[in-house]
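Required output: the full structure, derived from the provided sequences and hints.
Keeping their order, the protein sequence lines are chains A and B. Take 1 as the starting number for the first sequence in full-length UniProt numbering and just add one per residue. Take 1 as the starting number for the second sequence in full-length UniProt numbering and just add one per residue.
Don't take each hint at face value.
[Said to hold, decoys possible] Listed next, the in silico SDA-like pairs over lysine to any residue satisfying Cα-Cα at most 25 Å (straight line):
hint, chain 1, residue 1, chain 2, residue 2
1, A, K120, B, Q410
2, A, K22, B, P383
3, B, K411, A, D13
4, B, K411, A, E106
5, A, K99, B, A365
6, A, K21, B, E349
7, A, K126, A, E106
8, A, K16, B, S327
9, A, K99, B, T377
10, A, K21, B, F413
11, B, K18, A, Q2
12, B, K18, A, H33
13, B, K23, A, D4
14, A, K99, B, R20
15, B, K411, A, E9
16, B, K411, A, N5
17, B, K379, A, E41
18, A, K99, B, D360
19, A, K16, B, T33
20, A, K126, B, D326
21, B, K411, A, L3
22, B, K379, A, H33
23, A, K126, B, I19
24, A, K16, B, D326
25, A, K126, B, D360
26, A, K120, B, V283
27, A, K126, B, T377
28, A, K126, B, E349
29, A, K16, B, A408
No lab work stands behind these hints: they were computed from the structure.
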Amino acid sequence: MQLDNLYQEVILDHYKNPQNKKLSANYDAQVHHVNPSCGDEIDLNITVKDGVVEAITWDGVGCSISQASVSILTDLLIGKTITDAYKIYDEFVALMQSKGTVEGNEDLLEDAVALAGVSKYPARIKCALLGWMAFKDASVQAQAK
Amino acid sequence: MAFDAVAIRADFPIFDRKIRDGKRLVYLDSGATSQKPNVVIDAESNFYRLHNAAAHRGAHQLAEEATEAIESARQVVSEFIGGQEDEIVFTKSSTEALNLLAYSIGSAPKGNKFHLSAGDEIVVSEMEHHANLIPWQQLAARTGAVLKWFEVTPEGRLDLSDINSVITTKTKIVALTHQSNVLGTINLLDELVKRTHDVGAVFILDACQSVPHMPVNVVELDIDFLAFSGHKAVGPTGVGVLWGRSNLLAELPPFLFGGSMIESVTMTDATWAPAPRKFEPGVPNMAQIVGLGEAVKYLSKIGMPAIHNHEIELTKYAIANMAAIDSLRVVGPLDTNMRGGAVSFTLGEIHPHDLGQFLDDAGIAVRTGHHCAWPLTRKMGVPATTRASFYLYNTLDDIDQLCTSILAAQKYFG
Ligand SMILES: Cc1ncc(COP(=O)(O)O)c(C=O)c1O
Chain A
1 MQLDNLYQEV ILDHYKNPQN KKLSANYDAQ VHHVNPSCGD EIDLNITVKD GVVEAITWDG
61 VGCSISQASV SILTDLLIGK TITDAYKIYD EFVALMQSKG TVEGNEDLLE DAVALAGVSK
121 YPARIKCALL GWMAFKDASV QAQAK
Chain B
1 MAFDAVAIRA DFPIFDRKIR DGKRLVYLDS GATSQKPNVV IDAESNFYRL HNAAAHRGAH
61 QLAEEATEAI ESARQVVSEF IGGQEDEIVF TKSSTEALNL LAYSIGSAPK GNKFHLSAGD
121 EIVVSEMEHH ANLIPWQQLA ARTGAVLKWF EVTPEGRLDL SDINSVITTK TKIVALTHQS
181 NVLGTINLLD ELVKRTHDVG AVFILDACQS VPHMPVNVVE LDIDFLAFSG HKAVGPTGVG
241 VLWGRSNLLA ELPPFLFGGS MIESVTMTDA TWAPAPRKFE PGVPNMAQIV GLGEAVKYLS
301 KIGMPAIHNH EIELTKYAIA NMAAIDSLRV VGPLDTNMRG GAVSFTLGEI HPHDLGQFLD
361 DAGIAVRTGH HCAWPLTRKM GVPATTRASF YLYNTLDDID QLCTSILAAQ KYFG
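Structural data, given as structure tokens:
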């Protein structure tokens, strides 16, 4: 089924068992992002210490793609330096915009390459990017503090 | 002639194509936009092929033909909804028609019937599409008027229990939808229109989801203004209709200014042509207007009562079969009394976006999200829904396929 390219096992796993989905009491920055076309919403907290992403926690409602994408993001970026995190971020955004023409760098993206199939469904790219946009916004705010 | 949805499908060329690797197209998204029959597609392209010229302008044969073509479409549309020819204003869409009203009313000077002052009231409902909500929010903000609304009951009906305290002597405008694009609810207007007129206000009907699907007669409804979009009524995109009582259109100031809408112009001033021209500046969307005329003829030939009955039958069948599915919740009335063919639902924990994607993979087109009625979905206690909406070319097979695929989706995501 065509659909299995989109809904990879990893995605459904993260959807059913989302990681770090509980907003922390402490944070350097907190953001709220929405996807106005489908009503998906996310709150995301971040703590950045000495140039390292120390914690990302979140809560939100949305489809499996948007929920799994944030969950994967937290697994991937917590503990990374901001510099490395942004490298991964750039790679992921490029993958989403690739219209299915690239497979994605698995060394860099790890589980997030499972979302490569999303890039063939233009209406779903925003779902996959919702958490990533929230992360970028929050990390910029945290560093400006 | 008996109503035959299968024969009707043959008039719509899009049903000849395949979806997602060879699947039959099950189009259940007519609430967003309808498909187009050949007669409409041909009328639009033949206008460009044979009659294209600026209507109401040039002194030549083509200009005469173009003028004749759009004016006869105006006549056909006016007969379709029971109005007069000079009461039909062609706009780009119902969104534009409703904004036209909001801006025109907002610019009415003191002494004009439509003039709004601080403390005047505008009444809408919780089940409005954003197109019949935000223009009034904004008008209220510009004028200091107060926005009030009717609430929606848990069953998805308008709560009219306090009608006299919602519509009061301060009310100047009541703007309501005829049929909800989310719930499918058809609003009974009698009491609302009577109360509106008793307090001296005007009644504006968003008929986007009713005019394409059931007989609508502006005189019988006794309303003051009505808006609908061509593209939801088997017509082209880029054309909508504003109907208004002629005495009210005469009093209402224009919204957009430019060519063709004037009576006389000097360097410092201008006066307006009578309605509908006063509201139609610039070269109109002629090919689309002509296409809409054909669309309305096509629907009339089949008959609006027959189309409505067909949709009720489909809706009854859909609700009965869907309600039998475990953890499926229909968001909207479950009985088909005063209810049209838009069926929104949730499916347990499965997000509408995921369900929509799964259905798409089976060739089934539905809409997911808040359907441009965010306050309503919030009120109904759901972040988003999936909506199947029916029209004259849908069949019981389409609904069977929908239900089968919903069950398959539960397995897939379960
Ligand atoms: C009830 C209702 N009102 C207004 C609109 C706006 O129509 P359009 O986008 O064609 O202007 C819609 C379209 O979805 C609708 O369903």
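Structure-based check of all given hints:
1. K120/A with Q410/B: holds (23 Å)
2. K22/A with P383/B: Between K22/A and P383/B the Cα gap is close to 19 Å, so the pair holds against 25 Å.
3. K411/B with D13/A: holds (15 Å)
4. K411/B with E106/A: violated (30 Å)
5. K99/A with A365/B: holds (22 Å)
6. K21/A with E349/B: holds (17 Å)
7. K126/A with E106/A: holds (21 Å)
8. K16/A with S327/B: holds (18 Å)
9. K99/A with T377/B: Not OK: K99/A and T377/B at ~32 Å, beyond 25 Å, violated.
10. K21/A with F413/B: holds (20 Å)
11. K18/B with Q2/A: Roughly 15 Å separates the two Cα atoms, so the pair holds.
12. K18/B with H33/A: Measuring from Cα to Cα gives roughly 37 Å; hence the hint is violated.
13. K23/B with D4/A: Holds, at about 17 Å.
14. K99/A with R20/B: Given that 25 Å is the threshold and the Cα spacing comes to 17 Å, the pair holds.
15. K411/B with E9/A: holds (14 Å)
16. K411/B with N5/A: holds (17 Å)
17. K379/B with E41/A: Answer holds: K379/B to E41/A is near 17 Å, not above 25 Å.
18. K99/A with D360/B: Roughly 18 Å separates the two Cα atoms, so the pair holds.
19. K16/A with T33/B: violated (35 Å)
20. K126/A with D326/B: violated (30 Å)
21. K411/B with L3/A: holds (14 Å)
22. K379/B with H33/A: Distance ~21 Å between K379/B and H33/A Cα, so the pair holds.
23. K126/A with I19/B: holds (23 Å)
24. K16/A with D326/B: holds (20 Å)
25. K126/A with D360/B: holds (18 Å)
26. K120/A with V283/B: violated (40 Å)
27. K126/A with T377/B: Roughly 21 Å between the alpha carbons, so the hint for K126/A and T377/B holds.
28. K126/A with E349/B: Judged against 25 Å, a Cα distance of about 21 Å means the pair holds.
29. K16/A with A408/B: Holds, because 18 Å separates the two Cα atoms, which is no more than 25 Å.
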